[in-house]
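**Q** Here is how the chains run, residue by residue.
4 protein chains.
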Amino acid sequence: MIITMKKSAPKQEIDALMGRLSSKGLQIHSSIGENYNVFGLVGDTSVIDPKQIEANPFVESVVRVAAPYKKANRLFHPEDSIIEAGGIKIGGQEKLVIIGGPCSIEGREATVQIAKAVKQSGGCMLRGGAYKPRTSPYAFQGLGTEGILAMVEARKQTGLPIVSELMSADKLDEFVEYVDMIQIGARNMQNFDLLKAVGKVNKPVLLKRGLANTIEEWIMAAEYIMAEGNENVVFCERGIRTFEPYTRNTLDLSVIPIIKEKTHLPIIIDPSHATGDWKLVEAMSLAAIAAGADGLIIEVHENPECSWSDGAQSLKPKKFQELIEKGRVIAHVIGREIA
Amino acid sequence: MIITMKKSAPKQEIDALMGRLSSKGLQIHSSIGENYNVFGLVGDTSVIDPKQIEANPFVESVVRVAAPYKKANRLFHPEDSIIEAGGIKIGGQEKLVIIGGPCSIEGREATVQIAKAVKQSGGCMLRGGAYKPRTSPYAFQGLGTEGILAMVEARKQTGLPIVSELMSADKLDEFVEYVDMIQIGARNMQNFDLLKAVGKVNKPVLLKRGLANTIEEWIMAAEYIMAEGNENVVFCERGIRTFEPYTRNTLDLSVIPIIKEKTHLPIIIDPSHATGDWKLVEAMSLAAIAAGADGLIIEVHENPECSWSDGAQSLKPKKFQELIEKGRVIAHVIGREIA
Amino acid sequence: MIITMKKSAPKQEIDALMGRLSSKGLQIHSSIGENYNVFGLVGDTSVIDPKQIEANPFVESVVRVAAPYKKANRLFHPEDSIIEAGGIKIGGQEKLVIIGGPCSIEGREATVQIAKAVKQSGGCMLRGGAYKPRTSPYAFQGLGTEGILAMVEARKQTGLPIVSELMSADKLDEFVEYVDMIQIGARNMQNFDLLKAVGKVNKPVLLKRGLANTIEEWIMAAEYIMAEGNENVVFCERGIRTFEPYTRNTLDLSVIPIIKEKTHLPIIIDPSHATGDWKLVEAMSLAAIAAGADGLIIEVHENPECSWSDGAQSLKPKKFQELIEKGRVIAHVIGREIA
Amino acid sequence: MIITMKKSAPKQEIDALMGRLSSKGLQIHSSIGENYNVFGLVGDTSVIDPKQIEANPFVESVVRVAAPYKKANRLFHPEDSIIEAGGIKIGGQEKLVIIGGPCSIEGREATVQIAKAVKQSGGCMLRGGAYKPRTSPYAFQGLGTEGILAMVEARKQTGLPIVSELMSADKLDEFVEYVDMIQIGARNMQNFDLLKAVGKVNKPVLLKRGLANTIEEWIMAAEYIMAEGNENVVFCERGIRTFEPYTRNTLDLSVIPIIKEKTHLPIIIDPSHATGDWKLVEAMSLAAIAAGADGLIIEVHENPECSWSDGAQSLKPKKFQELIEKGRVIAHVIGREIA
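Chains as they are written, first to last, in our numbering: chain A, 51 to 389; chain Y, 51 to 389; chain Z, 51 to 389; chain B, 51 to 389.
Derived by calculation from the structure, the hints in this document are not laboratory data.
For glycine and all other residues, C-beta sits at the position ideal for the given N, C-alpha and C.
Check before you lean on any hint, since a few could be wrong.
[To be verified] Heads up, incomplete: computed chain Y residues facing chain B, CB under 8 Å, no partners named: (1) I64; (2) L67; (3) P107; (4) V113; (5) A333; (6) G342.
[Stated by the list, open to error] Subject to a maximum C-alpha distance of 30 Å in a straight line, what follows is the list of computed DSS-like cross-link-like pairs (lysine-lysine): (7) A:K120 <-> A:K101; (8) Z:K366 <-> B:K101; (9) Y:K368 <-> B:K145; (10) B:K56 <-> Z:K368; (11) B:K329 <-> Z:K101; (12) A:K166 <-> A:K56; (13) A:K368 <-> Y:K101; (14) A:K56 <-> A:K74; (15) B:K61 <-> Z:K368; (16) A:K250 <-> Y:K246; (17) Y:K61 <-> A:K369; (18) Z:K369 <-> Z:K145; (19) Z:K139 <-> Z:K101; (20) B:K206 <-> B:K121; (21) B:K139 <-> B:K368; (22) Z:K369 <-> B:K139; (23) Y:K312 <-> Y:K139; (24) B:K120 <-> B:K246; (25) A:K221 <-> Y:K61; (26) B:K120 <-> A:K57.
[Unchecked claim] Negatives, chain Y to chain Z, calculated, CB over 12 Å: (27) K57; (28) H79; (29) Q102; (30) G137; (31) I138; (32) E372; (33) H382.
Pulled out of the complex, with its shape left as it was, chain A reads as follows (with noise of 0.2 Å):
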């Protein structure tokens, strides 16, 4: 951490501060510049609060070297982490999974269908929301508990394991007893509660971006889950919002090498919600897995106009199915395989 402090701070003040600064046990390496003083601290710093120490009227800036995330930084932990879901590996060399299936879950009968055809096409995971987080309370809120059984069912007609997006921990029984991976939706990327109740299960959790979130806070997010036990984090990018009005949020891609550098967990990338719009579903597809992406999570339907919600990013299966194909070579350049 690099404390820079104004040429007029008064000794006795740089004094103070620095000798609070020691007695937490960091070493101090101080540089004196024609306009500020510039000093260093060596030791652990995370226990330090960058914003106290900027409320010195004297302290111009607080710069933190290290990352404040421990148990997901690859520094500490250089190889890759897989993660298991269902059967299904997730991470380092393992197979592209690909995750199809509707934005709202609509009944028993329509998600095992839907299943099938997302295991036909190549997929091989099924997601479906239940509990729907919605901007308007007017909206269809999801089908609930029903609509985890009906994906249940699914899963036992098709072998595909299941996930699905949890909203409050007061459900988090029925997401431990019946699904395989949950997901943290990007609304709730920073509902710090909910993220340390998944860290005390021992289920796989599907951590989406939100929407205005740093990468530094995204793995935050993912430290507060493994600081509570549960290290089985995998991350995925949903895209940031941005003043381009054309796709629904901007799909930032660039994050898969950077948390691949940073981390060593997985990220997958869906590029239905990022863009809000089914024709640029497969281009992104691509090139996630161009970019080298563990995974991809993908919005489909088997009659978009018809859906429940979100049908106009959700894919029809035969275009799925083209899609998985193209992806099976592009990985294949990249030395990956699809699951």
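Dock chains Y, Z and B against the given chain A, drawing on the hints supplied.
**A** Relative to chain A, chains Y, Z and B alone:
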């Protein structure tokens, strides 16, 4: 709602879509253009999901004309709503409320002391965090119930009503019992289960704007609370996320006249979290008052350098008092007073 | 164009506005709703300024249906345009162009040397900055004419066509004489006088997207050039400004399918400036190819640590060659080849 | 400047880099941490390009401590600069300047008439666009020289100094002859050749902030002008681009205290372009005054519905006058007056 269809749309596709829409009780007016056909839907379009219509490959765009909110909408409720919290009235032509207090509650004695300073400086309500949403799992997470009880003691000794942030529905009973206004933080603005929970109780809610949420989404979050029966919502702007690194967030004061035009609910401003820098708090507070805000919520700490969190943005009581004195005169210019 | 008027609009105000619009040759269709009246305008609405209509206090909103661009619009020009630069064809189903070279031109000898390395690695065009847009007036501003002549020498020795950035119309003659493709930089994307100037010459223009410009504004910048007579425009995405600090900008690859849907012009990607980090360049380059880009423009330097600018984002020739080899296979998957 | 190197950096790499830096006259202080080595450079680091150092694969990060601007820096020029434009003084404790006028100049007679209205309402300077930066090549591009001469006539009849936007250096002579303050528009904030050109003349420059430019980049644009010899720069905030669609841009009023802390130059606010909505102009104007702005620039039009551009954001003279009257009292509260 306006639906634009491509010229290439076959007649039977158009007829099928329009048939489905008119069966929902909507009247349809069509305009045939050179390159597009445009259809205007008249009636209660809140039952329609635009994304489902956009899934139709012959649809170019869908534009909503009427706002998607009802209970918060000034169109259907022209008079200002006055919200009452612990005996203090907020909104309309009532006096501006100035809320002060520490970022984190640091124990009973310190809380009573800062409450006295807030009151003496001219503040009329006490803020303080007992449950803290922190980016890092290793940072201080708040005193919890002990912190809430410290605020209760401060209220007993000073008479100041108290506001604190609720992070999880399982603490709702505690908040209903002890707190005068329940704050929903920026990170939970779209935690819809939490919104529904506070919508079921009879306490005013201070609803902070999410870091990357549009004004419409913010009003829809209020609609979630109101749709459950609790119409006592106060908006609180605390800055949005932009590319500018100098301030923590960019305070968007234009929301003040906009919220007052679109809704009948009060709005207050939090310049401390928005800027993250105490040196900017006074200027932004006076600006907020001049722009018509119904109040301010400001971090105040006796000794910011020793605060347990966010010291860099806290004012000392003396600066807080000066700010209120200046604010009083500005409020007067626009026909308001400070409580 | 759709005009929504408030219910409170007096009949004579509506009649006056509609009279003015129909006198411009537009047909008007009206839909009377419960809370708003909606008017659809049919005909050539490009002559109308929406902001003028919005100035009417009884108007709630004005929405454009037809795109405001004509010459760039695929609707009126369904076939792909192929742009030729120094004998190289860009766009359509032509081979992908891979452009390489240093950020700043550093003298004749160095330029010839890097051009040879670019060619040997598989690149087909040479980039290099002779006039440099630098944030600081104290930073190196480029070699100017001397730099352009160094590129000309490199072209002579290698046969690679050259592209360089024009910052000011008073150097246009020099660029027309010496350069094969004129680059308009991100900071000048809305320097309309410069756009008009390059619109009057007969050289292809590489038009970078502005840091905070929407896709529609970007196409309108191309329209400025085309409206003057020069229809040889190639789009170049180089990242947009977002809140994320890890990368210099956020590369928006979804523009590739969007530009191809909306316009008939080619698009290439600049992963070097977008990310600002050579470690991310390969992944983003392969992603761009997979997403359907017509080419790449990449910074290449023999010794990035000693480059005169932007070393952090430059690849060494060996990495550049590896990238091209991988890209070649990915291009093949989507039915393209690399030149 | 602080350089953080990875622990894996070989000693000879560290020595080579530090040798090169100390040969530039910099002193180097090193701090050896557990995971990183940190080096503090003391001396004139403005000669060093951080991106070149970051190109070194063993460098983790480079952080600048000192601001990169000198002439604009308050550190080296503690007193407020007062800029004079046509006899009007701007900045320091001088009276606030209220500039009014139409978006586009629409002819001599109309200009004289609006100038009289601006003066009568209490404005002290006339604004108007003769050369217009328009997104569409098909939109009205301004009257050019004829517009400038209409403003000159208005100045003759009212005594109001005039400010207008310069888009291209080839019109600079015209502006130097006729105009009292040269405006550089948001889209040209980083048109460095234009900045250098106005830096060579002896006229005050009104420098608008670019839509996506940081405060530091904005100050660096002023530095470009000042480095050429013209130190008469007035900053003008006009909103930044964000995700919020309700307003055209997001007005960032926190720049007022920041610009005053970092530089010695004046700053005025343009609420008309920032919001794009006349209904928001008064609230934002009063807020700007309360926050300490040195002036306002506001669009005023006799008949906004018939204006030639941007009618939606123009005030009628009567509203403009009311705004000035309220602003006068608010200015008084913070110890200022309105001219």
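**Q** Work down the list of hints and note, for each, if the structure agrees.
**A** Right, here's what the structure says about each hint:
no., hint, in the structure
1, I64, "29 Å, violated"
2, L67, "26 Å, violated"
3, P107, "26 Å, violated"
4, V113, "12 Å, violated"
5, A333, "4 Å, holds"
6, G342, "6 Å, holds"
7, A:K120 <-> A:K101, "20 Å, holds"
8, Z:K366 <-> B:K101, "16 Å, holds"
9, Y:K368 <-> B:K145, "29 Å, holds"
10, B:K56 <-> Z:K368, "24 Å, holds"
11, B:K329 <-> Z:K101, "14 Å, holds"
12, A:K166 <-> A:K56, "66 Å, violated"
13, A:K368 <-> Y:K101, "21 Å, holds"
14, A:K56 <-> A:K74, "23 Å, holds"
15, B:K61 <-> Z:K368, "25 Å, holds"
16, A:K250 <-> Y:K246, "25 Å, holds"
17, Y:K61 <-> A:K369, "25 Å, holds"
18, Z:K369 <-> Z:K145, "21 Å, holds"
19, Z:K139 <-> Z:K101, "41 Å, violated"
20, B:K206 <-> B:K121, "35 Å, violated"
21, B:K139 <-> B:K368, "26 Å, holds"
22, Z:K369 <-> B:K139, "58 Å, violated"
23, Y:K312 <-> Y:K139, "21 Å, holds"
24, B:K120 <-> B:K246, "16 Å, holds"
25, A:K221 <-> Y:K61, "47 Å, violated"
26, B:K120 <-> A:K57, "17 Å, holds"
27, K57, "9 Å, violated"
28, H79, "4 Å, violated"
29, Q102, "20 Å, holds"
30, G137, "37 Å, holds"
31, I138, "34 Å, holds"
32, E372, "33 Å, holds"
33, H382, "29 Å, holds"
Going through the hint list in order, the structure does not satisfy hints 1, 2, 3, 4, 12, 19, 20, 22, 25, 27 and 28.
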